[in-house]
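Trainee: Letter by letter, the sequence shown follows residues -19 to -1, 1 to 148 in mature numbering (1 follows the signal peptide of the UniProt record, and there is no 0).
One should not assume that every hint holds.
[Said to hold, decoys possible] In the DSS-like style, the derived pairs of lysine-lysine whose C-alpha atoms are separated by at most 27 Å in a straight line are: (1) K80 to K119; (2) K40 to K134; (3) K80 to K96; (4) K119 to K40; (5) K89 to K102; (6) K31 to K80; (7) K80 to K110; (8) K33 to K80; (9) K134 to K107; (10) K122 to K80; (11) K40 to K50; (12) K110 to K31; (13) K89 to K107; (14) K40 to K89; (15) K122 to K50; (16) K89 to K122; (17) K119 to K50; (18) K96 to K134; (19) K110 to K96.
No wet-lab data here; the hints were simulated from the structure.
Remember, predicted model here, so these are calculated numbers, not experimental data.
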Amino acid sequence: MYVSITGLLFLSCLVSVYSSEEEDSMRPFDPCFRYTVLDQPWRATNTSIKNKMCDRNVKWQGWYRLFYKGNSLQMPERCVPMNKCGTHAPLWLAGPHPKRREGIVTRKVCGHWNKNCCAFKSTPIKVKKCQGNYYVYKLTKPTTCHLAYCAGKIGLCEPVSQTKCKS
């Protein structure tokens, strides 16, 4: 009888460990805890530089969190003036950032060019709001050069529903 109980205890522990590992591997990974920091100063909405940047050449993999001078930022939800964010046609989020309860959402991204706030419709990205009031983004390769993702808020242009930008 003692051997049976020991065997049952061993079997019970083995099943418990197996179930725990199986649950961990099945649990979706949370991008709020596994992201790459994007902290290039040229991405700021108020930055203009001579040599324009191009995010098409970046190998986007995984999730990203935006920073500027040590501060967590988000992508602008409004049109960004041309030649800002270190590029010709700045990319901004054409829709609101999600609430935490929404989880991961897909949003359109626009690039401003020639007074048209959404002249370039880039590949949609994924966005998630994290505990701690910050956002992470699963960025994609823009449709062309010179487009680059922006970091910061913008208040100079019309809301998303407008096509013209007052810059």
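Trainee: Look at each hint and say if it fits the structure.
Mentor: Evaluation of the provided hints:
1. K80 to K119: holds (16 Å)
2. K40 to K134: holds (25 Å)
3. K80 to K96: violated (31 Å)
4. K119 to K40: holds (12 Å)
5. K89 to K102: With a Cα-Cα distance of about 7 Å, the restraint between K89 and K102 holds, given a limit of 27 Å.
6. K31 to K80: Violated, at roughly 37 Å.
7. K80 to K110: Holds. K80 to K110 sits at ~6 Å (cutoff 27 Å).
8. K33 to K80: Violated - the C-alpha atoms of K80 and K33 are around 33 Å apart, more than 27 Å.
9. K134 to K107: holds (19 Å)
10. K122 to K80: holds (25 Å)
11. K40 to K50: holds (24 Å)
12. K110 to K31: violated (33 Å)
13. K89 to K107: holds (9 Å)
14. K40 to K89: Within the cut-off at roughly 19 Å; holds.
15. K122 to K50: Cα-Cα ~25 Å, so holds.
16. K89 to K122: holds (13 Å)
17. K119 to K50: holds (22 Å)
18. K96 to K134: It holds: about 19 Å lies between the C-alpha atoms, which stays within 27 Å.
19. K110 to K96: violated (31 Å)
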